[in-house]
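Visitor: Since chain A is already given, all that's left is putting chain B on it; use the hints.
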Amino acid sequence: MQRAYLLLIPALLLLLALPVSRGRYNDDFDDGEDLADFDDNDFAEFEDMNDDPAAEAETAPPPRASPSSQPEEDEDEDEATVELEDGLDGFEDSETQDQDMYSKYDQEEFEGIGDMEKTGHSMKDPLIIHTVSQVPAHLQNSWESYYMEILMVTGLLAYIMNYIIGKNKNSRLAQAWFNSHRELLESNFALVGDDGTSKEAVSTGKLNQENEHIYNLWCSGRLCCEGMLIQLKFVKRQDLLNVLARMMRPACDQVQIKVTLNEEDMDTFVFALGTKKVMARHQKELQDLSEFCGDKPKSGAKYGLPDSLAILSEMGEVTDGMMDNKMVHYITNHAEKIESIHFSDQFSGPKVMQEEGQPLKLPDTKKTLLFTFIVPGMGNTSPKDMDALLPLMNMVIYSIDKVKKLRLNREGKLKADRNRARVEENFLKQTHAQRQEAAQTRREEKKRAEKERIMNEEDPERQRRLEEASQRREQKKIEKKQMKMKQIKVKAM
Amino acid sequence: MKSIIHRQPKLCRVEDKRVNMTEPIQVFNVCLWCCRYKPPSTESNPTLEDPTPDYMNLLGMIFSMCGLMLKLKWCAWIAVYCSFISFANSRSSEDTKQMMSSFM
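Here the protein sequences line up with chains A and B, keeping their order.
Going by the UniProt record's numbering, 296 is the number at position 296 of the first sequence; the sequence numbering is gapless.
Going by the UniProt record's numbering, 76 is the number at position 76 of the second sequence; the sequence numbering is gapless.
Keep in mind that the hints were calculated from the coordinates and are not lab data.
Where is the CB? At the ideal position from N, CA and C, for every residue including glycine.
Be aware that one or more of the hints could be misleading.
Claimed, not checked - With a straight-line Cα cutoff of 27 angstroms, these simulated DSS-like cross-link-like pairs (lysine-lysine) come out: (1) A:361 to B:38; (2) A:233 to B:38; (3) B:10 to A:402; (4) A:404 to B:38; (5) B:97 to A:366; (6) A:258 to B:10.
Claimed, not checked - Pairwise CB distance ranges, derived in the manner of DEER restraints: (7) A:276 to B:12: 41 to 47 angstroms; (8) B:11 to A:324: 30 to 36 angstroms; (9) B:22 to A:290: 55 to 61 angstroms.
Said to hold, decoys possible - Reference listing, derived: stretches of chain B covered by chain A, where coverage requires no fewer than 3 residues with Cβ under 8 angstroms from a Cβ of chain A: (10) 57 to 68; (11) 80 to 92.
The shape of chain B in the complex, shown without the other chains:
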């Protein structure tokens, strides 16, 4: 039943192949059913998703907290690197504001 909800008719002009060049081109208006694109839900396929950006985000936050609390410079630098890597691997659908805050 799902597919019927996403189906929409689309009118197309189809030109029939001519066997003989002397014959006139036959054009048909064909109504084709087009299924709309449905992005695959991530809940059903958690294994297919790449976990790298989420892990890197988490690591970045942990290292930044360590760097802040324990005053370790190298922790802070690693946090910066983690947030860059998370940004590079992230999906386009993610919020830009969230990413900028992770840089902070």
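This is chain A alone, in the form it adopts within the complex:
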């Protein structure tokens, strides 16, 4: 709710700023009146007005209103505010005054004075504005001139309303999910809910709100696993643009579960299962799947799974081991809610693309089980739908125990080890050149540092001794290399 209040404050400020903004933008004249071009002359905009002194009274209130609300604009050249006020004071008299003035002018001496009389133009009466319709838009006090502001503010209010509604909906969904899963999690994990800030490992018992649409829950304290991070990734209901985009392209809420295992809890294998499209994408994007599961995704129909699901596996033995009856039962009953399941002992995230070529060392890997579930409803979820995910959480717990128990046989283990050695070798080959370069630069750095040390030595005696020592070391290195070359030659022969 704090965030909602924060949004309201700027909206209120904007509403207050409206009268201020009104005067600033003189370029927006909506009416198609025939206004004179702007001269250096301040009063040029009032040229070519019809003479109708009676209609002047209507224009008097708006100009009067504007000076009172904009005292700071007195110096603004485009505004005739100051002059208006002065003019208004002697309003009644100026009319009669003008008529007297005109009569005084000698027709022969002043050209064009007749025309001026006809048009009613007078440099001395620049303030006579004769009809309401000729008043520039920004001085009129009618709602039509504000249509842009009204439109914008309405849009902003709609955005704010959507923000509040969306935020509340996401919050309710998250809470509903947690309420339905709380018991299962508390019976399986010692620590349910942790934000990492408190000193003691105490369950907070609530979700971490990372965003208005992302909620985290960390569970730990169980045999067979280090910890489990659950992320509720809802669609952005609080962002109106996103809501409109979802009307074109539907998106769904997701629950992502990442279980990290201890080293001894999992044997060496890589296995993935999911919808065909997602499997194809993961095979390209994820480091471990691309390296260890080179074959195309196989259909799950072979194991009694629905046809929509595909399997990526390092070896057949792993698939056979994972797809026991219970697992198949879980997956078949909830196939529409499963986006992907990924078990890997070499998980390191997506492929890293670096500009300067390959990274110099292999990325860190972690034994991980990843689950991505889709909340039913395709974006139009209700809190009741969250209960449908409970069996999937049971499946997660079952998988953790299953992975702990699954051990490859001798051949499988050999094959897995060979695969890993192969991947590492390939990586080393690719980065060989870079590593050599890096080693060379390091050696040069060392030499330079040593030389600098010798140079900085003040005592000449010590300097001489250090120099001799470094020379002896270099000589030894060269001799060693020569020995090695000789040995290689002998071996080759």
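Guide: Coordinates of chain B only, in the frame set by chain A:
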């Protein structure tokens, strides 16, 4: 080695399942290792982060400067919208003061 730093022991009471209802409930005090939550560092995963609030913030600032310098009303309004969108998509960890200043 990282995990050991974040691990803390936690004492739990575990009730054993009773096969027979006549048997007494056996309760064990089990010490379990709990790993503390460590927020994933954004430097290691820049691609996983949603860039929308940052882009919108930048756009908002650009449009507001345009609106101010060139005196274009529509620029100013777009800047306001951008800052609202950036606010709606932002992470909770971000500073409230920074967000309020972006509205200004």
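Visitor: Evaluate each hint against the coordinates.
Guide: Here is what the structure says about each hint:
1. This hinted pair checks out: residue 361 of chain A and residue 38 of chain B have alpha carbons roughly 24 angstroms apart, not beyond 27 angstroms.
2. Under the criterion of a C-alpha separation no larger than 27 angstroms, the hint pairing residue 233 of chain A with residue 38 of chain B is consistent with the structure, at around 19 angstroms.
3. With a C-alpha separation of about 25 angstroms, the suggested pairing of residue 10 of chain B with residue 402 of chain A holds against the 27 angstroms cut-off.
4. Using a Cα cut-off of 27 angstroms, the hinted pair residue 404 of chain A and residue 38 of chain B holds, with the two alpha carbons roughly 24 angstroms apart.
5. For the given pair, residue 97 of chain B sits about 38 angstroms from residue 366 of chain A by alpha-carbon distance, which is inconsistent with the 27 angstroms threshold.
6. Taking the CA atoms of residue 258 of chain A and residue 10 of chain B, the gap is about 22 angstroms. The hint holds against a cut of 27 angstroms.
7. Between residue 276 of chain A and residue 12 of chain B, the C-beta spacing of about 42 angstroms keeps the proposed range 41 to 47 angstroms intact.
8. Taking the beta carbon of each, residue 11 of chain B and residue 324 of chain A are about 35 angstroms apart, inside 30 to 36 angstroms as hinted.
9. Taking 55 to 61 angstroms as the suggested C-beta distance range, the pair residue 22 of chain B and residue 290 of chain A conforms, at roughly 58 angstroms.
10. Coverage of a stretch by a chain is defined here by at least three residues with a beta carbon nearer than 8 angstroms to that chain's beta carbons; for the segment 57 to 68 of chain B and chain A the count is 0, and the condition is violated.
11. Figure legend: the segment 80 to 92 of chain B, annotated as covered by chain A; annotation consistent (11 residues with Cβ-Cβ distances under 8 angstroms, at least 3 required).
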